[in-house]
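Novice: Spelled out from the first residue to the last, the chains are:
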Amino acid sequence: MSAALLATRALEARYGDLQALFGIDLEARDGEVIAIIGANGAGKSTLLKTIAGLLRAPREAVRFAGEPVGGLRPGEIARRGIALVPEGRRLFASLSVEENLRMGAQCGRPGTWDLKAVYELFPALRDKSAAPATSLSGGQQQMVAIGRALMANPRLLMCDEISLGLAPIVVKGIYDALSAIAAGGLTALIVEQDVGLARHVSDRLYCLQEGRVVLSGPSDEFSRDDISRAYFGVAAQAGR
Amino acid sequence: MIGWLDTLVQGVLLGSLYALFAMGLALVFGVMRLTNVAHGDLVVLAGFAAIALAGQFDLGPLAAFACLLPLAAASGYALQRYVLNDTLGRDPLPSLVVTFGLSIVIQNVLQEIFSADPRSLSAGEIATASVRLVEGVTVGVLPLATLLAALLVAVALQWFFARTAAGSAFRATSDDRETAELMGLDARVVYASATAIAFVLIAVAGVLQAMRTTVAPADGPGLLLFAFEAVVIGGLGSFWGTFAGGLLLGVTQAIGFRLDPGWGIWLGHVVFLAVLLVRPQGLFPRTR
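One line per chain: the protein sequences are A and B, in this order.
Quick note on the numbering used here: the first sequence kicks off at 2 and runs consecutively.
Quick note on the numbering used here: the second sequence kicks off at 16 and runs consecutively.
No wet-lab data here; the hints were simulated from the structure.
Any given hint might turn out to be false.
Unchecked claim - Only some residues are given here: those of chain B computed to face chain A with a beta carbon under 7 Å:
#, residue
1, 183
2, 187
3, 199
Where a beta carbon is used, it is the ideal one built from N, C-alpha and C, also for glycine.
Only chain A is shown next, with the shape it has when bound in the complex (with noise of 0.2 Å):
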């Protein structure tokens, strides 16, 4: 087994008084995917904010590439090669495809990602360069937003929810092209609300209920009933 890439420790968040995260401990080895499920609310969005910088931590709850980083700026933490794909996309509106795609790359990290393999991942974004990145259809905003975490040539790349709102056929499309990605040896976060489809791309998975992991363990030592238990709130502790 090698060293994690990523590894939180207790890590506790908070908006204001309200605490969000209760100890959450979590790994992610060099190329594997993870997936995060969980309801609504579980703290899945803020598990992944946490790690890419924008709420604060204790400096030794997050550990990467074997150092502390937690509570870093969010900027620092990109450099060291986190990379996070938003909920909601989060496209910069008055700026094109290609711009938008160029914000990516501002950490300045080297890497096999630039404008020409993210064209050649994602061919309909070429075409669509020059227009504004709003402008696209929800698939194709969605390929932008992983293109522009991708250009930043991450070691570990964090993708929130990034099936939501999109047709069945397009988010096929999308986990085909992170499959490949990951294939090339990418460690990848995920967090999905689709339960068949985070069990079906991932090689292990974290259950979070109420800001706690509930159910962890190799994706496909869970049957689906164990991951419902998980899920709504009877926990379960297959795999340990």
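Got chain A sorted already, so can you dock chain B onto it with the hints?
Specialist: Frame of chain A, contents of chain B only:
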């Protein structure tokens, strides 16, 4: 007929100064939604700084201006980075209060040092030089230089924002600060850079204002008002819109002055209010 042509030309020249005021204000508002209430006072401060530099070191207006530019950029950067950034947030009130306080401080410090008397920056021969466009229409070289400067600033800003990587970083941070930070940008530095550029515009405007007419410590709020009016008339769609808003305000005032010497400023206010009522998004709003 020639008389009206003259009025139009003089209005455009006057308006180019307003356009310079307005573009600095629009730049800061556009990037960080900060309304700088001290904008006019900063223009006056820049004018006085140029006068003091010219007086202390026996410099010509151009040399004083050249010394002022790096000073202005550095103080703009520092003011934003260490003071104004902390006032930004969902609530616009803290930044309004802080810049309002800054405005009062600037007025009183200037009055303490320079007294309340109006002063001007001696421009030498250029101050009175003029060229005749056609029979009956003569324009001063200095106002013409002001128009050229305003035009140059509009072109440069438009190009910078639309075509350069730093420009798209400004726009991205304006669109969505949090996501821009995810990309590796530091919004605090982006904002400070924007204010540094705005302060360069303020220095240009202050020097031209002090050469063209006079500056007095209490002039700031009046200049801020003209900048506001130009921004509202032009809309925030582009720097060209703001530029046009400034010219339109100048022309309106010139027409007012021609109708009756007491009407100039007033007619400007009337047009401003009319635009606010009929087209609150301005004449040249954002198109997408």
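Novice: Quick check: which numbered hints come out false for this structure?
Specialist: none
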